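Assemble chain S onto chain U, guided by the hints.
These protein sequence lines map, in sequence, to chains U and S.
The numbering of the first sequence is this note's numbering, which starts it at 1 and goes up by one.
The numbering of the second sequence is this note's numbering, which starts it at 412 and goes up by one.
If you are wondering where the hints come from, they were derived from the structure by calculation, not from laboratory data.
Just so it is clear, the structure is predicted and the values come from calculations on it, not from any experiment.
Be careful, since some hints might not be right.
Stated by the list, open to error - One side of the interface only, derived from the structure: several residues of chain U facing chain S at Cβ under 8 Å:
#, residue
1, L30
2, G33
3, T227
4, T254
5, P289
6, F295
7, Y302
What the hints assert, rightly or not - Each computed DSSO-like pair below joins lysine-lysine, with the alpha-carbon atoms no more than 27 Å apart:
#, chain 1, residue 1, chain 2, residue 2
8, S, K772, S, K792
9, U, K49, S, K615
10, U, K198, U, K142
11, U, K105, S, K615
12, S, K413, U, K105
13, U, K98, S, K609
14, S, K568, S, K413
15, S, K553, S, K413
16, S, K791, U, K98
17, S, K792, U, K105
18, U, K171, U, K142
As the list claims (entries may be wrong) - Here are the in silico distance ranges between beta carbons for each label pair:
#, chain 1, residue 1, chain 2, residue 2, range
19, U, R177, S, Q653, 36 to 44 Å
20, S, P770, U, K380, 34 to 42 Å
21, S, F649, U, D128, 53 to 61 Å
22, U, A320, S, A508, 49 to 57 Å
No residue lacks a Cβ here, since even glycine has one placed at the ideal position from N, Cα and C.
Number of protein chains: 2
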Amino acid sequence: MKIEVINTGSELLLGHVTNTHLGFIGQELLGFGLRIERQATVPDGAAIKTALTEAISRNADLTIVTGGLGPTSDDITRDIAAELFGRKLILQPEIYAKIEAYIAKRHIVVPDIIRVQAMVPEGALVLDNNCGTAPGLLIEEKGQTIVLLPGPPRELKPMWRDAFVPWLRNKLAALNRPPTYERVWRILGIGESSVQDKLEEPLKAFGDFEFGYCARPAEVDFRLITTDPAALDRASEFIYGQIGEFIYAENNATIEQIVVSLLKAQNKKIATAESCTGGLVAHRITNVPGASAVFHRGWVTYSNEAKTAELGVPAELFPAHGAVSEEVVRAMAKGALDMAGADIAIALTGIAGPDGGTPEKPVGTVWIGVATARETIATKKLFATERETFKHMASQVALDMARKVLIQTNN
Amino acid sequence: MKIEVINTGSELLLGHVTNTHLGFIGQELLGFGLRIERQATVPDGAAIKTALTEAISRNADLTIVTGGLGPTSDDITRDIAAELFGRKLILQPEIYAKIEAYIAKRHIVVPDIIRVQAMVPEGALVLDNNCGTAPGLLIEEKGQTIVLLPGPPRELKPMWRDAFVPWLRNKLAALNRPPTYERVWRILGIGESSVQDKLEEPLKAFGDFEFGYCARPAEVDFRLITTDPAALDRASEFIYGQIGEFIYAENNATIEQIVVSLLKAQNKKIATAESCTGGLVAHRITNVPGASAVFHRGWVTYSNEAKTAELGVPAELFPAHGAVSEEVVRAMAKGALDMAGADIAIALTGIAGPDGGTPEKPVGTVWIGVATARETIATKKLFATERETFKHMASQVALDMARKVLIQTNN
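Bound conformation, chain U alone (with noise of 0.2 Å):
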């Protein structure tokens, strides 16, 4: 099947925004066997029309357009697919329905012009959008088909899931494609080259697989794709045999998730120190539904001050050790496991940048500590790199911490 992707958006052109769909596709489509041969990127208006032209004169059999669908006047790729299939606009009552329930949900006032969005090209299959008002719109003409879905990453990839992969899975069925089984290791702890070093040679023994790596930081995804379901349960213990400890999850569940489950499945509570991470660990985990059930209290103590009064760190640490020491990080780990009554506690400090470094401990230094009622284990890394990304990192390394004192103390 020959894919085509076209993204719309001049702010993608002009660098205001990072093309992340492509990824997101490319990474999708992967998972069934697909490969994107060609993508384009054109500005809100007339180039998309010259794009899809393009892309339907190479023969593409699948078109994937993201963007152009919302009320505005550079929102016309609806009006451009409508007139290169020479499909009329119809207002669908339906839709017209739906996205006056949504307004009305949300006690909003919005312009009449919003509802240009229940406009669909004669024929066109309508793809739900449970996240806002354009719905996505499926077009197929003569063996080739285009798919014209939302710019929004939050309303894309829902409709991607649940209205286009149906069709996707009827559309290989119907080719007689032989079905494809793909399975993804998350792993954190190792790197991408340590991970391709342990497994690709010896793996090749075990089946034909297609190998896919994809990198993110401090984790990194190691997929197999191949048409033997049996080979990849083979595969699957060879690779726990060599690498079991820095898996932390099969296919698309995150770190905070996993830790999240297995607080709920022991009936614990954690809580969070953190310093230079600034409440992106709580913030982490409270993404997970359900989480006041394991998670009641946190702190953000980026002072010297708010560790000694919210947490009782020795005042006396921080000109003995510095606040960013192995001292300081137990304290805090043990006081918020206190303060807070919890099971387990996490704790972080250390050096964001870009300034506060010094030679013996650099911008990128972090301590991270655990506590439970039995031990309090702490280890340091350096993640010498931008502000985010280290508070990524750090935040990746201390929910890993958690997961494995989990398993630990529950055996």
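Frame of chain U, contents of chain S only:
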């Protein structure tokens, strides 16, 4: 000047790497009043030739190609460009010597094939690479220019600034072209379609503009592009007259950057007390470098007990009004202000969902409070969306309320 960008690399289409070159190049060009008209991503290999041919046939004055200059078998951009313009590849002894020196300095073993990087198409301008071995190349033919840049960002960026920008400046001076000017207003508190309603028609009287919108959760960028800088100033005055209270920044500043810079300018400290946002507001504030000067302490009080123990929220408020209430958010804000000894405090309590809603307080309800020594204000919002977007939207409004209070209390 008609500009196209071609990014080569299978990893971009497979979703393993996000394309950050496009954003960098887009912003850099904007600084010269230039815009990218089109961008394509193609896999390594022969597809580069098709993409380059198409750009040239569309009469692109300047085509910027990234990637494919390395030594491995799939790095063929150099050969394709030479072939396309009928230029011979000639070994350049100077570049050869530089590559040798680069390798010697690093005491690394490299395969002979790396020396292919010393091959230069006849008549091409060589762009020095001070951070790697592959030089960039610039070829001009019949008024069209193609520029070949290396794929790794740490090689591309310095080469762009040190070697390509000087060429571009000369070129623009020779062309005598009127530059274009851009301005972006970042807006919080009214939606994309309201902005269009209020601004687009009347602004047509102020000059010849291109309009652009970029909507993100709870905010929208409004962009004007024109060749007349005076028209931009007239427009700006009108825009502030119409929706000034909703504009928190121009160009690329974030709301948290604005809040931190107001706090710094006023020598004030902020504290946070978060329930439903779970640390996100503190996380955003501490993403800003230098936040430690204005932020010392924050709480994540997810349970009622935590709100009482940490912030002194009277326990009787919970049975009387519920945790998501004006009374509780005011007590949280005031408590955080006092406990932290801060000048301003933000508090949030709401129902992030997916569970926990009632008919009176549906999922998405949030009370947001801001306290200063002078007064405490509170507002209720409804963001009926999924959990993470809810948290983000609530944090947006909270930070914007703090911004407005800081501006008012300073007058």
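Violations among the numbered hints
2, 3, 4, 10, 11, 12, 19, 20 and 21
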